[in-house]
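Chemist: Add chain V to chain E, keeping to what the hints say.
Protein chains: 2
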Amino acid sequence: MLLGRMMNFPLTVTHFLRRAKDYFPGSEIVSRATDKSLHRSTYSAFYGRACRLANALKKLGVKQGDRVATLCWNHQPHLEAYFGVPAMGAVVHTLNLRLHPSEIGYIANHAEDKVVIVDRSLLPLFEKFAETVRSIEKVIVVGDPHSQAPVSGAYLDYETLLAAEPDTFDFPNLDENAAAMICYTSGTTGNPKGVVYSHRSTVLHALVASLPDELGVRQADTVLPVVPMFHAAAWGLPYMAVGAGAKIVFPGPHLDPASLLDLMAAEKATIAGGVPTIWIGILALLDKDPKKWDLSSIRAMVIGGSAAPATMIEGFQTRHGLEVLHAWGMTETNPLGTVARVKHHLTKLSAEDQLRVRATQGYAAPFVEVRHTDDSGNVLPWNGESMGELEVRGPWVAASYFGGEGSDKFTADGWFKTGDVVTIDKEGYVKITDRAKDVIKSGGEWISSVALENALMSHPAVLEAAVFAAKHAKWDERPVAAIVLKEGQTATKEDLTTHIESRFAKFWLPEDYVFLNQIPRTSTGKFLKSKLRDEHGEILLKK
Amino acid sequence: MLLGRMMNFPLTVTHFLRRAKDYFPGSEIVSRATDKSLHRSTYSAFYGRACRLANALKKLGVKQGDRVATLCWNHQPHLEAYFGVPAMGAVVHTLNLRLHPSEIGYIANHAEDKVVIVDRSLLPLFEKFAETVRSIEKVIVVGDPHSQAPVSGAYLDYETLLAAEPDTFDFPNLDENAAAMICYTSGTTGNPKGVVYSHRSTVLHALVASLPDELGVRQADTVLPVVPMFHAAAWGLPYMAVGAGAKIVFPGPHLDPASLLDLMAAEKATIAGGVPTIWIGILALLDKDPKKWDLSSIRAMVIGGSAAPATMIEGFQTRHGLEVLHAWGMTETNPLGTVARVKHHLTKLSAEDQLRVRATQGYAAPFVEVRHTDDSGNVLPWNGESMGELEVRGPWVAASYFGGEGSDKFTADGWFKTGDVVTIDKEGYVKITDRAKDVIKSGGEWISSVALENALMSHPAVLEAAVFAAKHAKWDERPVAAIVLKEGQTATKEDLTTHIESRFAKFWLPEDYVFLNQIPRTSTGKFLKSKLRDEHGEILLKK
Chain E
1 MLLGRMMNFP LTVTHFLRRA KDYFPGSEIV SRATDKSLHR STYSAFYGRA CRLANALKKL
61 GVKQGDRVAT LCWNHQPHLE AYFGVPAMGA VVHTLNLRLH PSEIGYIANH AEDKVVIVDR
121 SLLPLFEKFA ETVRSIEKVI VVGDPHSQAP VSGAYLDYET LLAAEPDTFD FPNLDENAAA
181 MICYTSGTTG NPKGVVYSHR STVLHALVAS LPDELGVRQA DTVLPVVPMF HAAAWGLPYM
241 AVGAGAKIVF PGPHLDPASL LDLMAAEKAT IAGGVPTIWI GILALLDKDP KKWDLSSIRA
301 MVIGGSAAPA TMIEGFQTRH GLEVLHAWGM TETNPLGTVA RVKHHLTKLS AEDQLRVRAT
361 QGYAAPFVEV RHTDDSGNVL PWNGESMGEL EVRGPWVAAS YFGGEGSDKF TADGWFKTGD
421 VVTIDKEGYV KITDRAKDVI KSGGEWISSV ALENALMSHP AVLEAAVFAA KHAKWDERPV
481 AAIVLKEGQT ATKEDLTTHI ESRFAKFWLP EDYVFLNQIP RTSTGKFLKS KLRDEHGEIL
541 LKK
Chain V
1001 MLLGRMMNFP LTVTHFLRRA KDYFPGSEIV SRATDKSLHR STYSAFYGRA CRLANALKKL
1061 GVKQGDRVAT LCWNHQPHLE AYFGVPAMGA VVHTLNLRLH PSEIGYIANH AEDKVVIVDR
1121 SLLPLFEKFA ETVRSIEKVI VVGDPHSQAP VSGAYLDYET LLAAEPDTFD FPNLDENAAA
1181 MICYTSGTTG NPKGVVYSHR STVLHALVAS LPDELGVRQA DTVLPVVPMF HAAAWGLPYM
1241 AVGAGAKIVF PGPHLDPASL LDLMAAEKAT IAGGVPTIWI GILALLDKDP KKWDLSSIRA
1301 MVIGGSAAPA TMIEGFQTRH GLEVLHAWGM TETNPLGTVA RVKHHLTKLS AEDQLRVRAT
1361 QGYAAPFVEV RHTDDSGNVL PWNGESMGEL EVRGPWVAAS YFGGEGSDKF TADGWFKTGD
1421 VVTIDKEGYV KITDRAKDVI KSGGEWISSV ALENALMSHP AVLEAAVFAA KHAKWDERPV
1481 AAIVLKEGQT ATKEDLTTHI ESRFAKFWLP EDYVFLNQIP RTSTGKFLKS KLRDEHGEIL
1541 LKK
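Order-wise, the sequence lines are chains E and V. Everything in the first sequence is counted per this note's numbering, starting at 1 for the first residue and increasing by one. Everything in the second sequence is counted per this note's numbering, starting at 1001 for the first residue and increasing by one.
Bound conformation, chain E alone (with noise of 0.2 Å):
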């Protein structure tokens, strides 16, 4: 072999912490305090502040690979936590404020977190668990404009120890294999599993996520990240805005819908990324109020975390000319797998059918490699018909868990196995029709949950709709829907079937539905079917 002369030049999440003091010092950082009001600053202070948390940390004894965990809502402090960490040399550990106290405790002991930076809004959360994770040495508190009293004795003000450093940090040259942060999967199926991004799958995501074909995430952007930035590296957006010197906002707690619409019409948003409930709850305030908010400078809304139905798709672009992006990935991604792009030979299909190209999960991006086995690991065919679990590998998808956990979830030949059920076509679009754990199985053939969901949301008085397998003494497993419907609106079981039978074989329509008021999700948003299943999984037997 012979090999290439060129540099041995790491890649770092430390080249866009300098790049961003280099060459966009006046791109502005907008926070939203729990308050609501607005902090204005620059990536050049960022960079700053960057710097002094670095040095408070390695005063705080910080070494390199040590863990330094979050628990804060979108911000600058988590800003600088995301980048002046890693660039130090240790990892920075986001806690999932959403989860059960209990859980929380778990992970932070299981990560062996060492530091731990708190919104002053979220101490009574932290003091829950704070006692049972051994490793914890430090905690810093990151300020509330609600609550200005000074924090006790045993926590350290956050912007206290920052104003006691120098702005300059002397970074040190890092192994790109290095880990700069640790998140945990939301662990529906057992207890949650570490991810260890490295630098290097870190910056190759956030650069590949940025081509034209992906995000599209350019320095004339205002990147806003719905999506917290306690999942998943929050899709990278922190990275690829910081890398291409965009403007960035954050939503800091408020994420109702009315709140996000101010701010993306005040601060003229180009791009937001958030999972489906946020956007449903976005698109039915706007249909409401349609003229109220100008969001002119949206570009695209980005859309992941879970399936999104087609019918909310096509109404942010029918009722309200707003383009929404619908992409796939999980935690054990980092997490951009694919990305429902229209190929340019596809723009020539009619708007319906464009439609349901964007409504599948997308094609995968490059250096995504994707394929997809059936129950005996057979890799099946892309035809748009086959459903198998889809398996995943790239620069960016986890090799293994944190402790070595979870090793069922790697194949023998490298791919790492989603969990996620999908079909994909001929021109490699991939469509989720169940996670693997929901899927449903009635006489031995594969029903899918997510095509009836997607047709049911399409019924004018449906707001939600959740399919889930419920027992059935013959078949084994059937499918039942559970809706939530429109304030104000009505419709029977029998409206349901009657507007979705056409679309279906018969032994796809659902055996029966239960009309809730909301359907109960996990802390990731996600429909939580599990529960669906303890709650209503018996119904059909009982009749």
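Be aware that a few hints might be false.
Unchecked claim - Cut-off 30 Å, straight-line C-alpha distance, at most; resulting in silico cross-link-like pairs (BS3-like, lysine-lysine):
#, chain 1, residue 1, chain 2, residue 2
1, E, K292, V, K1292
2, V, K1021, E, K409
3, E, K21, V, K1417
4, V, K1542, V, K1526
5, E, K531, E, K542
6, V, K1348, E, K21
7, E, K348, V, K1292
8, V, K1348, E, K291
9, E, K348, V, K1268
10, E, K426, V, K1526
11, E, K268, V, K1348
12, V, K1343, E, K21
Said to hold, decoys possible - Where chain V lies over chain E, by a calculated footprint (3+ residues, C-beta under 8 Å):
#, region
13, 11 to 21
14, 125 to 135
15, 172 to 185
16, 192 to 201
17, 311 to 319
18, 500 to 507
These are calculated hints, taken from the structure and not from any lab test. Note that the structure is a prediction, hence the values are computed from the model and not measured. Cβ atoms here follow ideal geometry from the backbone N, Cα and C, with glycine treated the same way.
Modeler: Frame of chain E; chain V shown alone:
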């Protein structure tokens, strides 16, 4: 140190090739032959042919690390070599057909090329040096519609070889640091030197150069690489285009302005890249006949290879509505280093001031780092005034040359010395003022020949201007301008000085002028100032 736990998935050209087949089988590749006929193909066929080439080369005894040279114009078989050769583990070496045959022979010997792929039309050139290259074992001839006679017994026919092989290949798993390509510098000083690109550098370069703020190549694009594929991996455009799944149009040997304009219009090119000479010719032709070609599909004309005059950038924009994107790079930088994008906050400037920004070499792409130093190696401030030699580093910057030559081009602290003399302003925009070897030192003060040239070229009668250092009894060196006037136009020395004198200190103004029919150029189209100095360098002493 804690290591990340992400997959060790190598960054290789092979991934782009697989992606081409899996996701973009129908994307088009158009090649113009020597007889000007257009040949249409698809990525699907391209993939199969790249596999056939790999099989054929393997059968000919090509092993991992072996060099396979090309002596070809831009066309699909050249693209097949760009991908098939590195994907099988060998190294593609692009020979520059514009060099003197003895130089090409030197280079082929130096690289120890084992197989050469030659255009039929270039066989006469090849035969001028072939016998001097002891390492060549096989010669493969790419057909030519102009001359269908079978190739002689000593040569192999490209199409015959491919036809005999299967259209799949079991590509090896490669180390991302393995060599993928060798490109030689044009060697205006000393012998040409080999730059050995790795798979990693090639891939990272293609990804970053495709970002929205760099060249922004996307799937919907039609990419026309005017820059010959024997230059600096043709700026990465072939890798960027295939990686994105874009349509590609190859001009073959027809690089005259009319042929290029015909092709751009007929194939609806969206992005084209070439050196300033090409664009100067195109602009002149467009000015003569502005309505002849419909160029509405074009969104960016990338200019690199040497500095583009501001008047040209402005001419395209104001007279033809065409956007020029000015970029800087070298063979040693794969080549993209900087792109002259106007930062968002600078779009508030006047059109004139924005033009000034767009006429710089731009600011560094992500993961390229730049600095400039004085004669003693001191790093200079970014003030837009201090002139010094540009130094760069990054994952696609050479760490050394093949064979270890030219070690004086690399600093002890890991930077590559570009030989370009530049200023860098506070925004980070780099502006070339000279090649280090062409700097004019008048009484100890540095004078920028490039600034004078740009000013002179804004005179309506001037087609081209090259300013060089002439010996001077008192001041050591003084600037003298070589001028090529436009056809049918006249201008006196006094006219020229009057035109530019308000823009410069008096001592910067050219001491004299020489009027020429053409400026001597290097094989890559750059002004050959050493020849101007040889022929006219003593003009001031004789007076």
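Chemist: Next, verify each hint and record whether it holds.
Modeler: How the hints compare with the structure:
{"no.": "1", "hint": "E/K292 to V/K1292", "in the structure": "violated (48 Å)"}
{"no.": "2", "hint": "V/K1021 to E/K409", "in the structure": "holds (28 Å)"}
{"no.": "3", "hint": "E/K21 to V/K1417", "in the structure": "holds (24 Å)"}
{"no.": "4", "hint": "V/K1542 to V/K1526", "in the structure": "holds (28 Å)"}
{"no.": "5", "hint": "E/K531 to E/K542", "in the structure": "holds (18 Å)"}
{"no.": "6", "hint": "V/K1348 to E/K21", "in the structure": "holds (21 Å)"}
{"no.": "7", "hint": "E/K348 to V/K1292", "in the structure": "holds (28 Å)"}
{"no.": "8", "hint": "V/K1348 to E/K291", "in the structure": "holds (29 Å)"}
{"no.": "9", "hint": "E/K348 to V/K1268", "in the structure": "holds (17 Å)"}
{"no.": "10", "hint": "E/K426 to V/K1526", "in the structure": "violated (47 Å)"}
{"no.": "11", "hint": "E/K268 to V/K1348", "in the structure": "holds (17 Å)"}
{"no.": "12", "hint": "V/K1343 to E/K21", "in the structure": "holds (14 Å)"}
{"no.": "13", "hint": "11 to 21", "in the structure": "holds (count 5)"}
{"no.": "14", "hint": "125 to 135", "in the structure": "violated (count 0)"}
{"no.": "15", "hint": "172 to 185", "in the structure": "holds (count 5)"}
{"no.": "16", "hint": "192 to 201", "in the structure": "holds (count 7)"}
{"no.": "17", "hint": "311 to 319", "in the structure": "violated (count 0)"}
{"no.": "18", "hint": "500 to 507", "in the structure": "violated (count 0)"}
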